[in-house]
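As you go down the protein sequences, you meet chains A, B and C in turn.
Numbering-wise, the first sequence is residues -12 to 290 according to our numbering.
Numbering-wise, the second sequence is residues 792 to 1119 according to our numbering.
Numbering-wise, the third sequence is residues 159 to 493 according to our numbering.
It should be emphasised that the hints constitute simulated quantities derived from the structure, not laboratory data.
Virtual Cβ for every residue (Gly too), placed ideally from N, Cα, C.
Among the clues, some could well be false.
Interface residues of chain B toward chain A, partial, derived using beta-carbon atoms under 10 Å [said to hold, decoys possible]:
#, residue
1, Leu822
2, Trp915
3, Val924
4, Pro927
5, Val931
6, Glu937
7, Gly957
8, Gly959
9, Asn961
10, Gly1069
11, Leu1072
12, Ala1077
13, Tyr1081
14, Ile1091
Label-pair distances were calculated between CB atoms; the ranges are [claimed, not checked]:
#, chain 1, residue 1, chain 2, residue 2, range
15, B, Leu866, A, Met102, 34 to 40 Å
16, B, Ser1064, A, Ile36, 35 to 41 Å
17, B, Ala1114, C, Val275, 22 to 28 Å
18, C, Asp444, B, Ser796, 57 to 63 Å
19, B, Thr814, A, Arg178, 38 to 44 Å
20, A, Asn47, B, Gly951, 28 to 34 Å
21, C, Arg239, B, Ser976, 51 to 57 Å
22, C, Val342, B, Tyr1106, 33 to 39 Å
23, A, Val197, B, Ile815, 33 to 39 Å
24, C, Asp432, A, Ile36, 41 to 47 Å
25, A, Phe37, B, Gly959, 41 to 47 Å
26, C, Arg358, B, Tyr1106, 23 to 29 Å
27, B, Arg1035, C, Glu486, 57 to 63 Å
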Amino acid sequence: MPVTAEPSAVRGGGRGRFAAVGRAFALVRRDPFATAGVLIYTVFLTIAIFADQLATHDPNQILYRPNGRVASNLPPFAQHILGTTNLGRDIYSQLVYGARSALIVGITAAFAVVMIGTLVGLVAGFFRGFVDMVMMRIADVALGIPFLPFVIVLSSFLEPSMWNVVIGMALVVWPSTSRVIRSQVLSLRERTFVEAARVTGSSPFRILFVHIAPNVLPLSFVYGSIAVGWAILTEASVSFLGFGGGDTVSWGSMLQNAYASQALSRGWYHWFVPPGVCIILVVVAGFFVSRGFEEVLFPRLRD
Amino acid sequence: MQGSSRLVSRLVLTLFVLWTVATILFLIFRLMPGSPLAAFVSPTFTPEQQDSLRRQFGLDRTLFDQYLLFIGNLLQGNLGESFFYKRPVGEVVMTAFANTIALTLGSLIVAYTFGVLMGAMFAWKRGTRVEAVGIPIVLVTRAAPEFWLGMVLLAIFSFGLGWFPGGGANSAGQSFSSEWARIFSLDFLRHLILPATALALYLQGLPLLLMRTNMLEVMQEDFVTMARMKGLSNWAIVIRHAARNALLPVATAFALGIGQSVGGNVVVETVFSWPGLGRMLVDAVAASDYPLAQGAFLLITTVLVTMNFVADLLYSLLDPRIAHAGHR
Amino acid sequence: MSVLSVQDLEVYYKTDRGVAQAVRGASFEVPEGQVVGVVGESGCGKTTLARAIIGVMPKTARIAGGRLMFQGVDLLGLSPREMASRRWRDIAFIPQSAMNSLDPVYRVGTQMAEVLVERGGMDKRAARRRAAELFDMVGLDPGRLRDFPHQYSGGMRQRAAIALALALEPRLVIADEPVTALDVIIQRQVLDTFKELQGRLGLSVILITHDISVVAYASDRVVVMYAGEVIESGATAEVLGRPFHPYTMGLCKAFPELHGGGGTLVPIEGSPPDLIAPPEGCSFADRCPFVEPECRTARPPLVDVASGSLAACRRTSEAEELRVLAGEAGTWLRS
Ligand SMILES: Nc1ncnc2c1ncn2[C@@H]1O[C@H](COP(=O)(O)OP(=O)(O)O)[C@@H](O)[C@H]1O
Ligand SMILES: [Mg+2]
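Taking the hints into account, I'd like the entire structure generated from these sequences.
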């Protein structure tokens, strides 16, 4: 996982409920890295949404030449933008549909991880004591589970499917988020605005979700933007190993097909380079966005 | 002393985590679809073998009895019999483990040496063009899937230029007097270079960024200012004081890195047909060789959890504030 | 004979908002074998001044003018190399927080030896002997040389910092708030040790503090700073007994130990001017109870006011009456 320096404090108190979120969004614009990240995300999101329109062929369809033979191993930049696979499938169209599965997996996994991580962090940090102890021990166990092997074993237990990655991440990856959120909550709960809410008789849950939660949301967002890339990487690895979903087209399964079809020894770079580049772009976008947020949120890193 | 009681509690926690993960694994494999017997007894075994295994693992008894037996066997290092290799899992797994450790350590040492030096350099060059160009490049290498890096390296240096072999850990037909001779042979090294490079490329980003951030922080510390006031040489300031302090968390990351790579190498091992633990796990799962899968997984977990503990230990050894607590 | 003569020193910081003029034309002398107390509110430029003298400043700092004559040589004219070779041998430094100024990962003895070997040219054996001797001098058990900094108490750390500063027998020691972080009783003990050593070794010392009682207790001469300027200087008894600048009068009034019981304690209201855009006239004008319209037109120069004392105020001739007024609490309360 990328380096995220232990955050010191989220600036400001809890004036507006969503002030912190709004502030974070406003400041992204000032950071070129973050802007580039958001831009890359937007492009891939557009591709994923309009995959049906953007693709030139059905990604799983075996194409034929006019003479009736399979249109296998066509070079790029002719009738097919990126050429065809050894089984006569259109590589460009696979790439476009791959964006869709990558983002679906990436976003759901990131959402699941951050939801669980934030909730656990909030509850553990706010109620402390026994609840905290139990949750942190569970976190220790989760951190002791080797992630990729776990997803592999999981997929032999469940049906092979791209959702295994989401389940695996939800079960194993949340502790790093929850630890940070927890320490944030521990410091927030001592602040004056929380004290004020307590004195005016707000219920604990109201204090937690109305006064504290909005202040840790930007932090969750940082972890979310990293988790998206992390999930896409993992999905690619799992698909590459052949434990992905049956005929879902994904960048990982493209790479697996290329690898298994000797694309490397035959030098068919147009087949296995583009999926890799797409993965890099999406993951890097996550880093850029989170890096931008970090600098916005933890100014001490700046100097 | 405060330091040692902290370590004891970390040790207890480590054992607790190991036990919990083993239990989860037990449940996963017993709840596997199909007959619970299928998980441990291959129909290809002889009837006598099947019988003996059933007895050994109590497969005809209650789940709880099976669990007790499982833990008991585990404590004695008995992980059952591989369906495929028809040998004890412990033995099979250990050969693969040696290959994995060689790959992991090789790539980590390269990655951390490079990362630490470059990280210190980037800290030194803060705010310059070197940094403006360098940091995005580092982020890109961190974002690249390591197996894809491996594929590209293979296509170029093995199949394209023919400099390195295309997979495996040793050439066919080679024989060695011992396991050590095999691992320290030139043939092994030639096979190791590409996969280790792919991994190192992927791994170097973490120590690099960590070192850079730490150096920047340490250079702001009062004791570095004081070192300058004392008129110490730049070398003494940067290496003896700044780098020594900045290296603390990097050393911890290295230990953690060993634990994570042993499991995380799965894909690179597959790309390079590297006969390591990860590839063994993948093959075992694909071939429904459950005892072997379970054994490989448990070994990977043990290394991960142990290294998490070692990282903690290392940190307290290297940081006198923890190692020499008390006396105030 | 002066060890150090600070002449019209100007130090600026580059900041996000503009250039901050942290030290503005400061001048004073450090006579051989004497303790010169530099006193002023926090933020008035004391640390900046100290770090300019030893030549170790943040990257954003720039010396914009003046001279630092050390035994007849202008330190500002030296090459970085020459300056580095003078540090600690000629000029040593005692920081405010020895906790952060000692490297946490090395034993204190190792850090003593580092200076003695690398800067003092001693061999390891001699360095170890000298370190023990220094520890003895500052009242620490030489056995504690084997400990790490975090194992020391606050007072011990400051003593260790003093020992470290004396290691190479420097001509001048700059102590920047050396006892501020300690509680009052320990402050006294550490100051006593320091004072005794200073007398015995005949050290010249710049003792920086925001606490005028520390100056009164430990220094021979005093330099009062305000907003980056020296606004009054002279023999300690003289300046504190018969201050000529209203700021000094206010300072003396704000500190309990000097005050001697009578009257009430009144802090000076308001805050110092913005150093990015300092005022044209007297920088204390906004807070001065005796301000006149003319005070705001030009900066008053440091002038001779009495036997060896200097003050920068337009109304030094009326000092006698102003001191009486300054003694009344009401004077310092804004309407
Ligand atoms: N590194 C710096 N960058 C910018 N301004 C600084 C820096 N250090 C100090 N200053 C400013 O210079 C002025 C003098 O600071 P300092 O010398 O630390 O005062 P003192 O030691 O008397 O408290 C203050 O206004 C402070 O804000
Ligand atoms: Mg200061």
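message = Name the hints, by number, that the structure is in violation of.
response = 2, 3, 8, 9, 24, 26
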